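*Asks:* Could you put the whole structure together from the sequences, leaning on the hints where they help?
So you can see what is in the structure, the chains are spelled out below.
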Amino acid sequence: MPKLTIDGKEIEVAPGTNLIEAARALDIEVPHYCYHPGLSVAGQCRLCMVDIEKAPRPTIACNTVATDGMVVWTQTERVLETRKSIMEFHLINHPLDCPVCDQAGECWLQIYYMKHGLYDPRMVDEKVHKPKAVPLGPHVILDAERCILCSRCVRFCDEVTATGELGIFDRGDRSEIGLFPGRELDNKYSGNVVDICPVGALTDRDFRFQVRVWYLDAAKSICPGCARGCNIEVHVNRRRPHHAQGRRVARLKPRFNAAVNKWWICDDGRYGFGFVDDGSRLRSPLQREGGQQLPVAWDEAIAGVAGALTAHPPAETGVIASPKMANEDLFALRRVLDRRGVTQVGFAVRPRVPGDEDKLLIRADKNPNTRGAELIGLGGDTAAILAAARARRIRCLWIFGHDLLDAGWPEAETRAALGAVETLIWSGTNANATSALARWVLPSAAWVERDGTFTNFEGRVQRFRAAVDQLGEALPDWEILGRVLTALGEPTLAARAEHWFRELGRSVPAFAGMTYQSIGDTGQMVGATREAARA
Amino acid sequence: MTGERTLTRNFHRPDAHTLAAYRGTGGYTAWEKAQTMEPAAITEEVKKSNLRGLGGAGFPTGMKWSFIPKNHTGPVYLVINADEGEPGTFKDRYLLERDPHALIEGMLIAARAIRSAVGFVYIRGEYVEPWRRFSAAAREATDAGYLGRGFDVVVHRGAGAYICGEETGLISSLEGRKGWPKLKPPFPAIKGAFGAPTIVNNVETICHLPHIINRGAGWFASLGTKTQGGTRMYSVSGRVKRPGVYEASVAITLRQVIYDLAEGVTGNGRLKAVVPGGSSAAILRADEIDVTMDVDGLKNAGTMAGSAGVIVMDETVSIPEALMVVARFYAHESCGQCTPCRESTGWIYKITERIVEGRGRKEDLDTVLDVARRGAGTTICAFYDGAVGPYISYIEKFRDEFEALIPK
Amino acid sequence: MSLTAPLAFPPEQLAEVHRLQALYPDRRAALLPVLHMAQDAFGYISLEVEEYVAGLFDMTPAHVHEVVTFYTMFFQRPKGRHVVAICHNLSCHLAGAPRILTHLKERLGVEVGETTDDGRVTLLSVECLCACEHAPMMQVDDRYEFDLTPARVDRILEGLR
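Protein chains in written order, with our numbering: chain A, 18 to 552; chain B, 3 to 410; chain C, 1261 to 1421.
Just so you know, the hints here were simulated from the structure itself, not pulled from any lab data.
Just so you know, nobody snuck in bad clues.
Covered stretches of chain C, as calculated for chain B (at least 3 residues, CB under 8 Å):
1) 1287-1295
2) 1320-1332
3) 1350-1356
Quick caveat: nothing in here was measured; it's all calculated off a predicted structure.
Ideal placement from N, C-alpha and C gives every residue a C-beta, glycine not left out.
*Replies:* Encoded structure:
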């Protein structure tokens, strides 16, 4: 392992580590544009210059591998002077239109100009003009004048997705990022080019001009879009609610996790949060009276649901849980089922259209917590439950989240099953065709409105955190289930998701010894703790 | 005074490009001899000859070869840089058209030294006639059994981009990409064309090899200076009586090139300035021409031998206008990869154009000088440093002329 | 080229493409030679040609477009039957290239980058062609024309049909 000195501090790094990463390990930032740890080294932006002892002039850090005994300086006078020069070169043809640029506030030209530039502009000639506001595809829009030609987006499409849609055309100061005329940037990961674009060249069609980034708050979260469990940040607009048509969730951004998604997320996940602020969200419990579902108070709904679970013998009760529910919810449900002795429970519902999958991130299983539901022991035969309902052996059916009428089963059979049960209870975030048939509808908080954990397909348990308040009267499923449990005569002290998770760890061996602290920001594998090994 | 001519000795013969003529004047005898030599002995001979690269960089040829990893087992490629493009240079065109077999024989010798089985000759796209001539010679050499028996030559045409004369830009282009120079390290001798160790040599450099093998390193070294052996071909153009390509010792002075080889200055007959090594070389004033033309001689004079393209300007030439023309070239040919070069070559052209058109600003000259100095040495390849040479030297040495054009 | 048939090389040229691809350790290296062939065969490198060539190399059209737009010898629009490219670099400039260019523009009635109405000549002004000893000079199709004077330019243009 090479040991080197950077700015007088010694550090040992893995063989092959470049000087940007070696410095980063010491909390020393070497400014850069084209370098990205997830892409090949391009060395084009020339900003990451550092001084290496015995080298005649500053050298780019991105293409320099740390070697034993190397002595590196990142703050020498000539390095600072070189950075300043490179900043001026970057801005020669860059439009100075920050006030109308949506990147403002998270633009690395702005940030580095303040840190490393601060020269007096000398460019008085006409700048090079290039195309502006060019939609590249469903999600991304290009302003070629703002592009600093770092080639990160080109390398992303070449190296990560291997779709090769983008190129740098022409040469010299006429060089321009673009698509082959007539083609689209429509690969399944296209939104990532916006994240890695250090400037305002590539922006997000969904997000741009909705809200200024300095009004956003962020929460660490997990994408609920598939079994991968990509780590994300949820960016929410709490401070300017009148912007963005009242949409609280402004955007999702990937959050680095070396073991899961690295720097990336797919477009389906990135843009899949629309349901959170959709008009179909359920804001209060509903009770069917005759042909109509009418709002009722939570106490009334809890009493009604608990009453139905009590009135129907366990043999006549069935539950279809959801692999979109958090571990905490599923464990609370487990406790409710155990309390009543209900055994007819499942969660797997075959989708109408099989999910797509690829070798990068996307999993065919579009549920974030299938593994958790299995481990918590809810993996029964859902088709059998529906068959039993049709045969009127199940009289009380509680469905979580699913729209069974939009699933891979014959709709008529499902409709017959749902029509045959006496008490249909439905829990979830957004109304659908199945919820419309329910006697009791219990509004669930969306994943961005609450804390919890998902277990991804590899068995990694990962936390997500509340980013916004719960909508209306919606509650986390674990809380609804806790109230039902109390009404069934088994009062629970669990007042937070974390309490349920602790109980889960005590009851289900795979989770033994895990806490929110031990999971941390990057997750923990099930069965990984000493307690789990003993259990 | 100009001494012996070797590279150009057959140029006067109308059939010089044919195998028969080449063989008739001793062609391919060096290859016969080289085949009896160990590869390392060939490299050693070339090292001792003090042959230095004649494409522009002036790097010692034998040393370059010795960078090929000794224990390498896979393919090694010999790539000939025939992408002549340095403004003011036209020597390789002559060699390709008039003595293509000299290049082939030189390639055979170099390939033996570096253990290469395939050579690529990258000829600039506009050189159609040189390409035809060389291709025909390669066919002759194949039919005669020189090529195709352990060493093959692939002739490759460029498509119009000066940057492909930069050795790693050339490799990128040869690989079917834009001619973007590659990051170093790795250097081509370690990882070059198609990921294999590669030696890129200029046409003229390679054409010297048969003579070095035949007549010995000592003979070649004695033709030049202490640090550079041999003769080289001077391309002389601009305001001279006899523009053309001249072979002479690298120890000749610039004054001799202008006044003896090219027979003096035209225009008003009085020398104002001269570019000694292609447009990327810093310009010299009339009082700076008593300097030898070898790599170190011109380096010590603050300029470079480059490709030995000598462009002569008499007193009637406008230096600001000349800089504008040169700046236009660098703006047009910047490959666009590195930010400093991409963004400032265009800007500096705009400034020079403005000055020539009488719209200069008093701070313009210092801006150009400062921007050029700041950008020098910051890029992947030497292209920008080549642009900086004229930017700085034209303004520093002829500042009055620029200032005279700038409105008070 | 008919409007209905998809653009493609005839079999013997396709065989040449494959021969060229096999010449190199990586077949992509044949891209420039094949683009030269395509320009000869189809007149210029249209987007359709780029897509066709991309298919021959299993490349994306964007990557072919990068190459085509990088090099000056690939025409992205139809060109004249002849291309006249005058050198405007330093030695030619010193030898009066601007005057020759003006003469060319007048004689042809076009600006640089344009093609005469009859499709006969496309006029270009280019960087150093490395024949500075014969400045001012120009390239006419495959030929270099040296030591230009207005009269000589006229004779050369007359020869272009």
